[in-house]
Amino acid sequence: MTTPSPAPESAPYLHADAVSVSYGATQVLDRVSLSVARGELVALLGSSGCGKTTLLRAIAGFVAPTAGRIVVDGRDITRLAPEARGTAMMFQSYALWPHMDVAANIGYGLRMRGRPRDAIAKRVDEMLKLLQLEGYGPRPISALSGGQKQRVAMGRALAVDPSVLLLDEPMSNLDYRVRLELRHELRALQQRVGIPAIYVTHDREEALTLADRIAVIDAGRIAQLGTPDEVFHHPVSPFVAGFMGADNAIDVVRTGDAWAWTPAAHGAPRARAHFRADRARLAAPGTPAGQGTVAVDGTVGQRVYLGTVYRYRIHAGADDFWVEDAERRDEGAPVRVLVPPDGLLVFPEAA
Amino acid sequence: MTDRRNWAGLALAAPALSIVAVFFVAPLLMSAVLAFRGTDGGLTFAHFAKAFEYYSTDLWFSAWIVTLSTLAIGVVAIAIAGYLTLGEHPRTVAILRWLYRWPLFIPFIVTAQVMRTFLAKNGMLNHVLIGSGLIEPLQAQSLLDWRGIVIAFVWKQAPFVTLLLAGAMAAIDRQHIEAARNLGANRWRVLFGIVLPQARRTLMVGLVLSFVSMLSVLSVPMMINPNSPTMLTVDIAYRINSHGDYAVANALCLMSLVLASFGAWFYLREAAAKKAEPK
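Same order as they appear, the protein sequences are chains A and B.
Quick note on our numbering: the first sequence kicks off at -15 and runs consecutively.
Quick note on our numbering: the second sequence kicks off at 2 and runs consecutively.
By construction, these hints were calculated from the structure, which means they are not laboratory data.
C-beta: ideal position from N, C-alpha, C; glycine also.
Do not rely on the hints blindly, as some may be mistaken.
Once the Cα atoms are required to be at most 30 Å apart in a straight line, the calculated DSBU-like pairs of lysine-lysine come out as [as the list claims (entries may be wrong)]: (1) B:Lys276 / A:Lys133; (2) B:Lys275 / A:Lys133; (3) A:Lys133 / A:Lys106; (4) A:Lys133 / A:Lys113.
Some, not all, of what chain A presents toward chain B, calculated at C-beta under 8 Å [to be verified]: (5) Phe46; (6) Arg63; (7) Pro66; (8) Ala72; (9) Met73; (10) Phe75; (11) Trp81; (12) His83; (13) Gly93; (14) Met96.
Here chain B stands alone, though its shape is the one from the complex (with noise of 0.2 Å):
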């Protein structure tokens, strides 16, 4: 009986199941294994090596950029979802509201090619720090490096996990805020005292989000920081367009994986935590 119906539910499932096992793990699988499979077709490291002898330093670099930007987009996203929750002029607070999804329309590549122009040498940045007397014309400098690539993730990034972490922190009662006012708590202690730890796991689940899409992006770095180091992306397109080398690239796309995979342990262990919570 219990049998017949456990089939019965697995005929069901098969169709969407087989779809993820053709689609997603056989390639993953494919991937996985090419990367250990030498030209005799032997098991071998040597793909490992060649990629850990050219590649650990960008390696690093992704994942100290990749960081970095993680954390700096959770401290402009708690800035801006703070002031849109706990804000008093409700002007300002339209006005933020409107403007600071923009950036999520806007595709990873413009992003890039926006920064381009706005960090170079002669950008806007520099023209603007320059007319209005904060730096000399022989201080600017191009902001084209791993700093880029952090302004164009956090830019791109921030709007994402703002609009989850605004919305988590829309959701808390507002007597929860007011009941800690009244009791004398200043706007900055009712934020870190009382709603971001209402909010704090949409937070985490944003920014492990976040963390993993800017692991895989390649234009960013691409058009703003393509010289070494770069990140890991930059260097498995090299790998296959240039030199058709799939065996290093899968190698590289394996240690990226590992990297993912920090956040996705961080993500279910977040999605377990929030189960075994009592309702």
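In isolation and in its complexed conformation, chain A is listed as follows (with noise of 0.2 Å):
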């Protein structure tokens, strides 16, 4: 199911269109199709084994499709070799060779190119300043942190001008500050050096902070392609909702112009509602509800402190979910939750 999209702003730079890829009897990647404009980053958002990493490893070249094409620039390059495709990757482990110097590992995809000596330590330098790891040339890999091989990683895929920089979860090996920090530093670099890119990763904070558009992966096909702020606030299906974030789901039926919280108990519900437990608020059992928003009552369960605000585990009926409330308040005590309209995401039971 994809939704559609606005259109990149300049004619797709990369296509693949259609790829399917299997693993024996078992199909990974089911008729994906997805466009990458110049300059553009696009973030593939999902959880483990869902396929978005096959997705980068077919447009590597690492992985053959069963079916579909992708195209770079217009040209085909679904059954080239690794190394003829012009693409760039950065591994989730760094991938650094540790027999070679920081400036070895930069310089090697221009020495495959056969460039002369001199403008490969040309380029070198200029990626070295670029990242700001000047004068770390000479050094041999085991002497980095975590966050200058990242770098480095970077600094190699960069340095041979890719046609498509492909990038597959490259901060989770990372310290979560070191991760914010790079996180910018990334995305600016990108930016600057104006390289379409594509975004492996199971952190919808990172998506959403890096990526001018998301495409949500589930179970092998695109759930929503969008930017980011269509994905986070107008999910199509329960799985993208879930996904974002809105992990709290609830019953409800139509009453008139609105929707009212229904105990699954009492009778078949006809709509399911995903809502954020930042969006939801505590109240006293029978407060009124203003128009439109949904009242579910139930009681306190679990607590969580989260520093500014509780987190609360609420049981009501036969659902469970989390709200979060600036008050503190005690695990049994009976409560009513308040879920305003505009933060309801409401998805027709499926069959």
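Starting from two chains that each stand alone, build the complex the way the hints lay out.
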């Protein structure tokens, strides 16, 4: 299922057309189509095993699609060997070669392209400067910190002026703080160089902050493709809503022009409404709900302190969900949850 | 306090150390000592002089055969292990993986026997070459000379080095290989630029161990090429079996030991380098 999303500003530079990949009898990608414009960064977001890395590897040439085409700048690269594609990939483990120093790692791609020695040295210096690693050229890889390794891997990929930059969870091995810092650096760098990039991640926040568009992938298909704003605020399916953080779900029925909560035990539910933990608020039992607001009566379960707010597990009939609230409440206390209409994401119940 | 702990440690190691001393160090020293002891019991270099006079050609022959074989084993092992690591046809890789290990389980003497029938003038190799029209019947020649020994050694030892090398190559992160291919390296360049440098130590160790064990093989030169020039092992056996001449045999053994110690020196140097390497 795909939604119409704004067409990329320029014509697609990279186009994957109905790409399918199978490992033996297991279908990993099912007719996935994706276009990336020049200078655009598209995030492939999904849980592990959903096929996002496989799509990246198919573009890089490490897995052969069973069907479909991959076109870069008008050239069909579907059957080309990985080394003939001109893509550059950054790996989760960085995959820096320990038997070479920093400069040799960064210059490797240029060496493979037969560039003269002094041209390579010049380009390596440029990259070191760009990545704020001046003077690190002769260092061994083992002497670098995680963040520095990440930068060297970035430099190695960018040094060859790749047609497409492929990033396979490049931040997942870093500390949270380093990751935050490098995330912005990476984005700035990618925009400055203007290379189309595909960024695989399972981290929602990372996808939202980095990407021009996000493709949410579920079980080998693109569940939704759109701008971060679209995907975050207008998820097209319960799966996307859940993945984008609206993972509270309650059963609702239509009453007049509004939705009302119905404990699942009372008759057949008509729809499933998702909402985010921070979009609902807790009130005393019996507090009147405003127009369109859904009221859910339940009791407070587990309490988790998050720093600025508490996060409460609420038991309401057959439903269990989390709500954030600034006020401290005791476990077992009766409570009314109010979800405003603009916080509700309602999906018709699948038959 | 520390003294007592040292003594306790030594006491624990003593049984093992005494076994090593009695069964390995003592016979080695005896052999070395006897190589220098004359019939009158005094120090003499006569045995060495005799050994050199009779067998210096064989000394060089042994060194040459074993060195050449070691190099050839390296080439074969790199080729097979490289294909096992980087080959793209899963079935070919599986067949090769299954096939290459067989010689590991075949003793040297059986190898030598197999090679005798395979490499002889009217052996299987020449039959095949003549049958396929590659050579004329008159061109057929026996390979049962130094070439036969080298072929037998390579056939027998290459799988051993391949086994070690392929293991080391398989232990390399696949992403290292993919990163190189992604940046434009074909499989040859991946093999020699990325994979082999990271598995180099293991290759060296495998080659050194092969070098030393080939130096001590008696059966292969005895069966394929027992005539002069031949390998030192044949000469040692001859001195003992035909002449009861332990003195010259000991001198020849010491010469073998010097050759082998080149290998040991290489091995220890690599081991030290590996220890010094940052993790």
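Unmet hints by their number, sorted upward, for this structure = The structure breaks only hint 6.
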